[in-house]
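The task is simple: from the sequences and hints, build the whole structure.
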Amino acid sequence: MEQKVVSVQELQALWQRVPTTPVVISPLEMRTKIEGFRGHIRRRNVKELITWLIAGVPLCWIGSWPISLLWHVSCAVLLLGCAFAAVSLFRRSGPLVRDAPPAAALVQFHRAQLEHERDMLRGMWRWYVLPVMPGIALVAYAAGRFIWARLPHMTVILGGCCLFLAAALVTLWTIVVQLTWAARLQRRIEDLDRYREA
Amino acid sequence: MTSIPYSATEPLPQEQLYVRAAEQFGAALERLACGYERDTDRRRDLLQEIHLELWRSLAAFEFRASLRTWVYRIAHNVAAKHIWREQRARLGQMLDLEAAAEAPIADATAGLEEAQVLQRLLAEIHRLVPLDRQVMLLYLDELDAATIGEITGLSAGAVATKIHRIKTLLARRLGAKE
Chain A
1 MEQKVVSVQE LQALWQRVPT TPVVISPLEM RTKIEGFRGH IRRRNVKELI TWLIAGVPLC
61 WIGSWPISLL WHVSCAVLLL GCAFAAVSLF RRSGPLVRDA PPAAALVQFH RAQLEHERDM
121 LRGMWRWYVL PVMPGIALVA YAAGRFIWAR LPHMTVILGG CCLFLAAALV TLWTIVVQLT
181 WAARLQRRIE DLDRYREA
Chain B
1 MTSIPYSATE PLPQEQLYVR AAEQFGAALE RLACGYERDT DRRRDLLQEI HLELWRSLAA
61 FEFRASLRTW VYRIAHNVAA KHIWREQRAR LGQMLDLEAA AEAPIADATA GLEEAQVLQR
121 LLAEIHRLVP LDRQVMLLYL DELDAATIGE ITGLSAGAVA TKIHRIKTLL ARRLGAKE
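Chains A and B supply the protein sequences, listed in that same order.
So the first sequence is numbered by our numbering: it starts at 1 and just counts up by one.
So the second sequence is numbered by our numbering: it starts at 1 and just counts up by one.
No wet-lab data here; the hints were simulated from the structure.
Accuracy of the hints is not assured; some may be wrong.
What follows is a set of in silico ranges between Cβ atoms, one per label pair, in the way DEER data are often shown [what the hints assert, rightly or not]:
#	chain 1	residue 1	chain 2	residue 2	range
1	B	Pro13	A	Gln16	26 to 32 Å
2	B	Ser66	A	Ile34	21 to 27 Å
3	B	Arg44	A	Ser7	28 to 34 Å
4	B	Ala115	A	Pro58	27 to 33 Å
5	B	Glu142	A	Gln186	19 to 25 Å
6	A	Asn45	B	Gln116	46 to 52 Å
7	A	Asp193	B	Pro13	34 to 40 Å
8	A	Asn45	B	Ser66	45 to 51 Å
9	A	Ala167	B	Ala115	58 to 64 Å
10	B	Pro13	A	Ile62	16 to 22 Å
11	B	Arg38	A	Gly123	33 to 39 Å
12	B	Gln116	A	Val23	24 to 30 Å
13	B	Ala65	A	Glu10	29 to 35 Å
14	B	Glu142	A	Leu89	52 to 58 Å
Here a beta-carbon is modelled for each residue, glycine too, at the ideal position from N, C-alpha and C.
The following block contains the structure:
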């Protein structure tokens, strides 16, 4: 280790001398690892299903409260919306890259990654936010009607307005953030196209 | 591609290919993992992930590309995904070749021992954005411009520009003469 590096070629040679312990995994070991990986995916899917059930059960319970028929219908619509959003999220959040084959050229691979994420962000409001909106609106209406009969009307109106405003702001903010990120990714895709030909 | 049934006594071509690839490019894959991950344990994980993906992908290998191109593409793509997943927050702090060459230098490299130069070189590599890092690692592996273009998908002109910038970076930051 006394030699001094003076040229690019020597740096390349130095890089070639990086201490390594070549790894060769036996086919049997490889199969075991792949089985382990599949097991990991199965466990992840089961965990997501359990999480969804845990989230869905309280909503079913709340929906069973004997308030009104509208209340039951509203909760059912909200439950369906949540189920749709959960299934959509599950379907879309699989492998990060779907289009690029694993041996794609590096630029093509990067581009596919960016495109996948951009498209997911651009369309998220349609399949993640929008499906739960009718359910939320119906539940709010049914709850409002129920409370209207029991509390001073001004309190109900003010409370309802505040809740509506807060929900609208959160939804808008979420959509704006997603679209901003999507625009940023689009700029990176354009940079990448320039990079390929630079 | 014709599928070949598995037999316990006769290894699949996929497995033969994998063993060949691992023997031929094992050291290169380990250097590549060094260029992507500083932490020793995570580097071993990354290397295992690369080998796993390589093994899986070789089922679709059709000899249209050279085995070397295939192995490098798989390895770099897995490593890029690793960066994407693990260091997403840090991507904004990474530099391209030009910016990295212009960055202020802490001290001169003249008189440094090989191990120290290697540390400095690794530090420079880890600062680069993924695509520039890939070109840099391929260049350090002494691949020619045409092969780098084939692996990365960059045009010949773009590869030439990148190599020029890499040389500038190495000269400015590590005092390497062309």
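Verification of the hints:
Checked against the given bound of 26 to 32 Å, the beta carbons of Pro13 of chain B and Gln16 of chain A, roughly 30 Å apart, stay inside it. Ser66 of chain B and Ile34 of chain A have their C-beta atoms about 25 Å apart, which keeps the hinted 21 to 27 Å range intact. For Arg44 of chain B and Ser7 of chain A, the hinted distance range of 28 to 34 Å is satisfied, since their beta carbons lie about 32 Å from each other. At about 60 Å, the beta-carbon gap between Ala115 of chain B and Pro58 of chain A misses the expected band of 27 to 33 Å.
A C-beta distance of roughly 36 Å is found between Glu142 of chain B and Gln186 of chain A, which places it outside the suggested range of 19 to 25 Å. In this structure, Asn45 of chain A and Gln116 of chain B meet the distance hint of 46 to 52 Å, their C-beta atoms being roughly 48 Å apart. Evaluation of the 34 to 40 Å hint for Asp193 of chain A and Pro13 of chain B yields a pass: the beta carbon distance comes to about 37 Å. At roughly 38 Å, the beta carbons of Asn45 of chain A and Ser66 of chain B sit outside the given window of 45 to 51 Å.
Our hint of 58 to 64 Å for Ala167 of chain A and Ala115 of chain B holds, since their Cβ atoms are close to 60 Å apart. Between Pro13 of chain B and Ile62 of chain A the C-beta distance comes to about 58 Å, which lies outside the given range of 16 to 22 Å. One distance hint, 33 to 39 Å for the beta-carbon pair Arg38 of chain B and Gly123 of chain A, holds here, with the actual separation near 36 Å. The hinted window of 24 to 30 Å between Gln116 of chain B and Val23 of chain A holds, with their beta carbons roughly 27 Å apart.
Here the CB-CB span from Ala65 of chain B to Glu10 of chain A is close to 31 Å, well matched to the stated 29 to 35 Å. Glu142 of chain B and Leu89 of chain A have their C-beta atoms about 45 Å apart, which leaves the hinted 52 to 58 Å range violated.
When the structure is compared with the earlier hints, violations turn up for hints 4, 5, 8, 10 and 14 and for no others.
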